[in-house]
Structure formats: C-alpha cells, structure tokens
Amino acid sequence: MPEYAIETAALRREFGRNVAVAGLSLAVPRGEVFGFLGPNGAGKTTSLKLLLGLVAPTSGGGTVLGAPLGNTEVRAHIGFLPEHFRFHDCLNARELLYFHGRLLGLPTRGLDTRIEALLLRVGLDDAGHRPLRTYSKGMTQRAGLAQALLGSPELVFLDEPTSGLDPLGRLLVRDVIDELRAGGASVFLNSHLLGEVEATCDRVAFVKSGVVVHELSLAKAQGTLDVELRVGSADDALLEGLAAFGTGVTRDDTLVRMHANAESVLPDLARWLVGRGVALYELRCRRKTLEEWFVEVMGEDQRPG
Amino acid sequence: MRGVLLIARLTWLETRRRKIALAALICGLLFLTVFASAIYFGFRHVAEQGGVANMVEMRVASTILTVAGLYVVNFLVTAVAILLPIDSLSGEIGSGVIQTLASKPVDRAAIVVGKWLAYLAMTAAYLALLGGGVVLSMRLFADYQAPAVLMPMALMLLSAAVMLSITIAGGVRLSTITNGIVAFGFYGVAFIAGWMEQILGMFGNATARYVGTIVSLLSPSDAMWRRAAYEMQPLATAALQNGPFGVVSVPSAAMIVWAMAFVVLVLAFAAWQFRRRPL
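If you read the protein sequences in the order shown, they are chains A and B.
With the working numbering as the guide, the letters of the first sequence map in order to residues 17 to 321.
With the working numbering as the guide, the letters of the second sequence map in order to residues 19 to 297.
Don't take each hint at face value.
To be verified - Sample of chain A residues facing chain B (criterion: CB under 10 Å; computed from the structure):
id, residue
1, F31
2, V35
3, A92
4, I94
5, G95
6, H100
7, R146
8, P147
9, G160
10, F173
11, V294
Don't read these hints as lab results, they were simulated from the structure.
In this text, a Cβ means the ideal position worked out from N, Cα and C, and glycines have one as well.
All chains should be modelled from the sequences, with the hints used to inform the complete structure.
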C-alpha cells in the first residue's frame, strides 16, 4: 500500500492564457485529514478536479491512492462531494444512491441496506422517497454527502461541504470527518470556513495562484502559544534567561512577548521568574488562530475565501 | 458495459420522469388518429362513390399517402432524435451533475454511449409506433399493403441515428441552444441539398447531383429518407418521379454503409472529445 493518499509534483493547468494551477506539489499521507485553504480564485477547485481526473493537467503529474491521475478504476475507492451537489431532480434520494452505488460497482445485494444506513446517517431517512426537486439546499447537500460515503471510500474529497448547511448539518459533516479518520480514510477538505478546518484537519496547506505557499501541521501549530508577560523591569539578562523557555522573545518596555512550545512550560516559567525575584504583574497566553495564520501567510489583502 | 447499461437506464428513467416520453406518446397518438381518420373517411367516400374502376389510380394514391404519412413520421422522428439528447450532456455539464457521474469508476465513453443507446431505443420505439401506425392504417382502411416496410423503417431509423449522433457530439462542447441550431442546420442543409439533387437532377444537372452527394456524405440523414422513400414505391416509381416524393437520384447501397459508418465515427468522436473535456 502506498504511503501517500495523494502525491503530486508541479501539477499545472492552463485554460487558454489563464493559469488556473501554476505548480501544485502536495503529499498527503494516508489517514490524514488535510485542509486546502486559499483565497477566492486561488485554484482550489481546479486543483481538486485535477486530483479527481475531471480536468487533465497541462503538465506535471501525480498519484491518487497509488494510481496515476485520471485512472478510472481507483475511483471506486474515492468519494467526492462537489461544492454545489446536483443530480437529476426527478429522482429521489434512494434512486440517486442506487445509481451511484451501481456506478461504483457495488453489488445489488446489500446495497439497499447500505443506502438505508446512509440515509439515516445524514438524516434523510424520512425524505428518501421524495424527489430531489422538493429538497432544500441543505437536504441536497446531505444527499450528496451520503453519495460520497457510499463506496466506503479510502479517500474523500469534500469541496466546501458545509455550504448551505445549518449548524446541525455542519456538526454532521464534522462528525463524518471524524468517523472517516477513525476508519483510517484520508480526507481532502476544501473550505473557507477556517473554524471548521481548525476543528477537523490534521494539517493544512495554504494555496495561492495554484501553488502551495505554506503548510502547517495543526497539531503542532496548536502547541505553539503566544505568551505575554508584564514585569517590573525587563533587562537583557531576563530576556536571555527566557529564551530557554521558548522562541521569539521581544521586549516593549515592561511588556515581554515570546512563543512557548508547549503549555507545560508555563508553570516552570512562572517559577523561574519568581525565583529570580522578578515582579510579575501579568502572564497571559494565547493560541494563534488559523485565521491569523491565514492572514500572516496570505498577506493582509487576501482574506479567506 | 455495466456503465453503458446503467447510464442508459438512468437516461430512460429521467426521460420518463420528466414526462418527455408521455408527451411524445400523446402527440404520436394524436398524429395517428388524424391520419387514420383521414384515410378511413377518404377511402370510404371513394367506395361510396361506387368504387373506382381505375385500380392503378387507387394504388398510386395509396402509395402517395403512405409515403406522405411516413414523410411526416420521418420529420417527427428526426425532431425527437435531435430534441431528446439536446440538453443531455450540455445540461449536465452546466448544472454540475456530470461531476459526480464522471468521478465514478466508469469510462467517460460509457456515459456518451449509454445516453446514445437509450435515446436510440426511444427513437426506435417512437418510429415503430408512428410508422407502424401509418402502415397499419393503410392496411386496414385503404386495403393497401406497402411493398416494403422493414427496410424503409430501418433506413428511417438510420436517418434518425445520424441526427442523434450529431446532437450528442455537439452537446460535448456546445451550449444547448447552439447545439440545437447546429443539429437542425445539419438537417436543413442535407434536406435542401437532397431537394436540389432531385429537382435539378430531373433536368439532368450533373453538378446538382454532385453537390447533393457531397452534402449527403457530410450529413447522410436525408439520403437515408430518400432511399427509404424509394424502397416504398418500386411499383409506381415511374409514375411518381415528378411528384414531391419522387426519387430521381437514388442513394446507393454504399451511401447506406457510409451512413452507418458516419454514426459510429461521430459517436467515437463524441466519446473522444468528452474524454478530453475539462468538467
């Protein structure tokens, strides 16, 4: 089994003179929930379509679940929820899932049971017989989510999965992602809702003009704390001593700022300060939010989108 | 093959649910009712007049009516062959429905062929209903048995299959309306070239025949209708040559083979283009 669910090198796609994806190089390990972030028009959806084989690359290449991009067979193990999920609205959710199940190559036997279980999972068990045209936007999205999970996929692409969903629907998506992770599946999440990404993803990539400009492991990033100390007086010796507890120590009169690598250093830090006889008026710590990271990486002009 | 059959089934289900099949059935039955009534009352009137001694005239009239009826059937079936698939691919590409289909483990060619197969079956059923109704009406109410039925019907289906394939291929890249204009354009050009070939051919104009043949190669639908019309009236061809359904220049067997090859080639082109198209 290949180590990576997704691996690409310098993937590029041009539409005429317009370069949608300039050179995407990604490596998403199996079992990881990976967030793909970037401003509007950063080439996120085109990147996802390249990985799904819906769009062929102009140059570059890669593999998905070990198979080259565009491979047909491997799609049996991939789930996909497009940003605006649509299907023939004269069909009902059961029929929709039946056809998708058959297209995935699932045997007819046991398919009905699987469909009922999924309808129940996404909260559409009462509406499974109704034509899709009578569905609200959120219900259609739930049907799309069920469709993405139908084949017990090893890799799931979710493009803005919570668009049109109410808070309960968002919770559902979050739970589903957790279940996928627990089951060992990989998830590729395209979302501009940073709070959601923060809550679900193991790692994120920031993409700008179809190039990954920064990658961040959220588990590690969440360990990093911004620490602020207000002391009686901050001399050079104090700053040097503080460097043992973290990085980026700066001083602004009596206010000292630094990054601590873990929360566990804070009691030691306080003990050390008191032991040195430093007058400690305030000790505050704060985690950097993903939004702050986003703004830092993308620049102030690029708001999430 | 699984993909082809599944897509065909999905296409049929969609056509049925959108009440397209029902509308076609109702309109088809309406046409047949009018046609059968006209034949019934017309021929009863002739019989009440004390019968016509001239059997040849009766046969000629019956042949003309059969061909005229099937001419309308051919037009309706062609229209159905163009309109059924007109928004099938372009519509699904536009709405995004195609994204979930094309990301399944099914070759994109299967999507094209599956749709084509479903629409061809529906067109064939429509043709069988209308064409069969015309032939049966003539048999019941005019006591006229067309000299050939299966071969002309097969040629009319081939004519419709040509237009169906062109429309499916157009839907890969063109918007729905543009596709419709192009498909009817193909039909119209072949139609007018066919008439030109007939009318100018009567005056022995070799250039007209030449142009007609070239156009038939590019769009062989009308040529198949002309061959079908020829097949239906072998006895009376001499008498009808100058009529509206006369066939001066009969499309050859080679043209029939070409029409079949044309369908396969256009469908293969559609599948090839669809495989390359960004979705």
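Okay, the hints, checked on the actual structure:
Against a cut-off of 10 Å between C-beta atoms, the interface hint on A:F31 holds, since the closest Cβ of chain B lies about 7 Å away. With a cut of 10 Å, the hint placing A:V35 at the interface with chain B is violated, because the nearest CB-to-CB distance is about 14 Å. This hint holds: A:A92 has a C-beta 4 Å from the nearest C-beta of chain B, less than the 10 Å allowed. This hint holds: A:I94 has a C-beta 7 Å from the nearest C-beta of chain B, less than the 10 Å allowed.
Here the hint on A:G95 is kept, as its CB sits about 9 Å from the closest CB of chain B, short of 10 Å. Hint on A:H100 holds. Least Cβ distance to chain B is approximately 6 Å, under the 10 Å limit. The interface hint given for A:R146 is violated, since its Cβ lies 13 Å from the closest Cβ of chain B, which is over the 10 Å cut-off. The interface hint given for A:P147 is met, as the beta carbon of that residue sits about 8 Å from the closest beta carbon of chain B, less than 10 Å.
Given hint, A:G160 at the interface with chain B, holds; its Cβ is 7 Å from that chain's nearest Cβ, closer than 10 Å. Hint on A:F173 holds. Least Cβ distance to chain B is approximately 8 Å, under the 10 Å limit. Nearest Cβ of chain B to the Cβ of A:V294: about 61 Å, over the 10 Å cut. The hint is violated.
In summary, the numbered hints that this structure violates are 2, 7 and 11.
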